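Novice: Spelled out, the chains give:
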Amino acid sequence: MSKPTGIRGRVWFKALTDQEKPMPGDPPSVLVADAPVGNENARLLCVVPDPNSRFPCASHGEVGLEQAYTLATRIREIIKADTTGSAGNEIKKRPFIAIVDVKSQAYGRREEIAGIHLAAAAAADAYATARFAGHPVITLIVGQAISGGFLTHGYQANRLLAFADDDVLIHAMHKEPAARITRRTVAQLESLAKTVTPLSYDVRDYAKLGLLYKLLPVSNPETPSADEISLVRNAIAEAIADARIGPTDLRNRFESEAAQTARKATRLIRARLEEEWNQ
Amino acid sequence: MREVIFSREYLQRRSFIELSARDRAESLFDSGTGRELAGPFDRIESPWLAMQGVTPQADDGCIVMRGTIAGQRAVVIAFNGAFQGGGIGEVSGAKLTTALDLACRDSENGQPTSAVLLLETGGVRLQEANLGLAAVAEIISSIIALRRYAPVISVIAGPVGCFGGMSLTAGVSSYIVMTPEGRLGLNGPEVIEEESGVEEFDASDRALTWSIYGGQQRYNQGLVDILVDDDIDQVIKTVQELITKGVPPRNRSEQVDVYRSHIAALDPSTKWNPADVSWSAASLARPIGRNQEVASNEEEHNQ
Amino acid sequence: MEQFEFKYPAKRKVLRRAHVGVVGSGDLEVLLEPTEIGAASVLVRTSVDGFKDNWKAVLDRFFGQYDGAVHIEINDAGATPGAVYLRLQQAVEASES
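Residue numbers (the working numbering), protein chains in the order written: chain A, 1 to 279; chain B, 280 to 582; chain C, 583 to 679.
Calculated directly from the structure, the hints in this document are not laboratory data. Among the hints, erroneous ones may be present.
What the hints assert, rightly or not - Below, simulated EDC-like cross-link-like pairs (lysine to aspartate or glutamate); rule was C-alpha separation at most 20 Å, straight line: (1) C:Lys593 / C:Glu675; (2) C:Lys595 / C:Glu618; (3) A:Lys80 / B:Asp536; (4) A:Lys175 / B:Asp321; (5) A:Lys214 / A:Glu255; (6) A:Lys214 / A:Glu176; (7) A:Lys14 / A:Asp249; (8) A:Lys92 / A:Asp82; (9) A:Lys175 / B:Asp536; (10) C:Lys634 / C:Glu587; (11) A:Lys264 / A:Glu276; (12) A:Lys264 / B:Asp321; (13) A:Lys264 / A:Glu228; (14) A:Lys175 / B:Glu473; (15) A:Lys194 / A:Glu222; (16) C:Lys593 / C:Glu678; (17) A:Lys214 / A:Glu228; (18) A:Lys175 / B:Glu474.
All figures in this text were calculated on a predicted structure; none of them were measured in a lab.
Construct the complete structure from the given sequences, taking the supplied hints into account.
Specialist: See the structure below:
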C-alpha cells in the first residue's frame, strides 16, 4: 500500500519556496507562492490534504472543486499580469511550477452536482493557456499523480519531472479498483504490467513512454537533503530554459526519443492523418 | 391509466443516437462532402489490447471525417460507445488529437476549420491506462489551441454519456450540445459508490443519477449551451448554427471567477437537491437554442 | 483471444469492400475486401477461446451459399453464430449495393 498522500507535496513546497501558508482567501488545501528558481521568479502551486476541508471528499489530497478553481485563479492572475503592456514592450512570462502529490480527483456526489468536470477543465485550461502564452509550465511529481487529479493539476506542463522512487505513482487509476474494473486480480495486473508498459505502476516504466522530461534521483523525498533540494532546483531551472526555447504545445511527448518506440501507434496515426488530410 | 398520445412531431423524429458512430459523423456534413480518414481498412488498431487477450477494433472505436458543414471546413470525430465503452486508448486518442492539430494548422493558415466531437465515452480505457491518460491531456491541449480560431463543439447525445477525463474535454470546448438522454460528469455513480461508499452515492438510484448528470439538468445549470431532442435534423441544424456563429466571446472554462463564486456560495454541510444547484445565469456562451428568451436575458445579466 | 484462418473456393469477382459491426459485447466487426478470383480467405480473432469448430461450422454454411472472391477479417467479442451469420450477410449486402 502506498504512503499517505500530501506529506511530500508540503515538504517540497516548503523546500522550494520557504513558505507553507495559503494565500489570503484561498482554502488551506492549495499552497501558492512566488519564489526564485534559478535566476527567475516563478509561481509554485501545490495541492495538499486538509482534514477540515469544507468538502469532505476533498480532504485527503484529492483535487476537488475549491482546489481546481483556486489553481485556475492563481494561474490566470499571473497570465494577466504578464500580458504585454500598453507600450507594447515584451514582458518576460514567469514560469509556473506545479508540485504534484495528488491522490485523485474528489469522488463525491456534491462535487458532481456542482460540476466538478468544469472545475477540473478550468484548471487544466489555465495551465494550458499559460503554456500557449509562453509561460514555461513545469511539473514536479514528488508523490502521486493519479487520474483526474493529475489532469487538473500538472498534466498540461511543457516539461514533466518525476522522482525515481517506489512511492511515486503516475496512473489512470489506483491498482485495486483498476484490477476490479478490468476483471483481474492485482497479481494478474502486475504480471501484465511487466510486458504492457502503460499498465505499469513503476515510474521507471512510465519514463519509457517518452512523456517525462527527466527522472530525478531523489532517495529521501520526505526528508530531502540540501544536495537533493539543490539538484531538484537545478533540474527545474534547466526544464524552464528548455521550455523557453521549445514549442508551446505538447509535441515533445510523442516526438521524444523514448516515444519513438513506446508510442509507435501514435506516430503512425499522426503520419497517416496528415497524409490523408488533403487528399 | 391515462391514454398515451404521441405527437406527430415525436413520431416523425429520426433518432440520432440509434445511428452507428460512422453514420452519426457522416450525417453532420453537407451532402457528399464527408470523407473518412484513417478508417478501418487502414487497420491502425490498438497495439496493447491483443497482448491482454482483448480483441481490437480496426478503427479503434474512433471515426475521423473531414468535409464541409454549412459550407465551412470541418472535421468530425465520433467515438463508438459500444467498443470498450468508448474508452480513450493510444490510437483513438491520437486520432482525435491529430485531427484537432491539423484543423488548427489550417485555421492558422487562414482556413478556419471547426471540430465537432461526438462523445460517447467513459473516459480513459483502463487497458491502456497511462497512454490513455496522456492522450486525454494532449486532447485538452489541442482543443484549447484550436478553439482560438474555430469553434470546437462537443455533442453528448447517447446514454453512454461523457465521463472521466473526457468530461474535461467537453469542459474546455467552445460549445456543448446535449440531448436529455446524454449524461455528463467527471465520476460516474458506480465509481463514487466504489471510492466513497454507498452513503455518498447509491449507484442503483437511477432517478438520482439522471437528476445529477442528465442533459436537462446540465442545461438548466448552465453547464451546457444547447439542449436538443434525440433527432437527427435538430442535431444537424444546431451544429450548423454553431459553426456559422463561430468562436464564442469567452469560453465557459475561462470564466473562473463566476464559477468559483458559485462554489463559495454553496453550503456543503447540507444535503443538496440537484435541481437547487443551478446557475444558468452564469452561462455567457449561449448563442442559440430552444430557450432563446431565457438565454438572452441571462447574457444581459452577466455582461 | 484466439485466432483462426479458413480458406474457401471462390469464383465470382466482388467490386466493393465493406465494413460492418462493432467489437462490442455479443457483437463483432466484419471487414470484407475483394481479392483475386480463386480463393476466399477468412481471418477470425475472437475474445472467447475454445470455439474453433463452431466458427468453422458457421463459415462452412456461409460459403456454401456465397462464392465471392474476398478476404474477410472478423474481430469478435463473443457473438452468437446467428449474429455472425447476420453480420456476414450485411457485409455482403454492403459490398454489392
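Novice: Run every hint past the structure and note whether it holds.
Specialist: Hint-by-hint comparison with the structure:
For the hint linking C:Lys593 to C:Glu675, the alpha-carbon distance of about 18 Å falls within 20 Å, and the restraint holds. Of the pairs offered as hints, the one joining C:Lys595 and C:Glu618 holds, with about 7 Å between alpha carbons and a cut-off of 20 Å not exceeded. As the CA atoms of A:Lys80 and B:Asp536 are separated by approximately 14 Å, the hinted pair is consistent with the 20 Å bound. Restraint check for A:Lys175 and B:Asp321: the C-alpha separation of about 34 Å exceeds 20 Å, so the hint is violated.
Between A:Lys214 and A:Glu255 the alpha-carbon distance is near 15 Å, which keeps this suggested pair within the 20 Å criterion. Distance hint between A:Lys214 and A:Glu176 is unfulfilled; the C-alpha atoms sit about 28 Å from each other, more than 20 Å. Restraint check: the Cα-Cα separation between A:Lys14 and A:Asp249 comes to about 30 Å, which exceeds 20 Å; the hinted pair is violated. Straight-line distance between C-alpha atoms of A:Lys92 and A:Asp82 comes to about 7 Å, which keeps the hinted pair within the 20 Å bound.
Restraint check for A:Lys175 and B:Asp536: the C-alpha separation of about 36 Å exceeds 20 Å, so the hint is violated. Distance hint between C:Lys634 and C:Glu587 is fulfilled; the C-alpha atoms sit about 10 Å from each other, no more than 20 Å. Restraint check: the Cα-Cα separation between A:Lys264 and A:Glu276 comes to about 18 Å, which is no more than 20 Å; the hinted pair holds. Proposed proximity of A:Lys264 and B:Asp321 is supported: the alpha carbons are some 15 Å apart, at most 20 Å.
Under the criterion of a C-alpha separation no larger than 20 Å, the hint pairing A:Lys264 with A:Glu228 is inconsistent with the structure, at around 35 Å. At roughly 13 Å between alpha-carbon atoms, A:Lys175 and B:Glu473 fall within 20 Å of each other, so this suggested pair holds. For the hint linking A:Lys194 to A:Glu222, the alpha-carbon distance of about 28 Å lies beyond 20 Å, and the restraint is violated. This hinted pair checks out: C:Lys593 and C:Glu678 have alpha carbons roughly 15 Å apart, not beyond 20 Å.
Restraint check: the Cα-Cα separation between A:Lys214 and A:Glu228 comes to about 15 Å, which is no more than 20 Å; the hinted pair holds. For the suggested pair A:Lys175 and B:Glu474, the alpha carbons sit about 13 Å apart, so the restraint of at most 20 Å is met.
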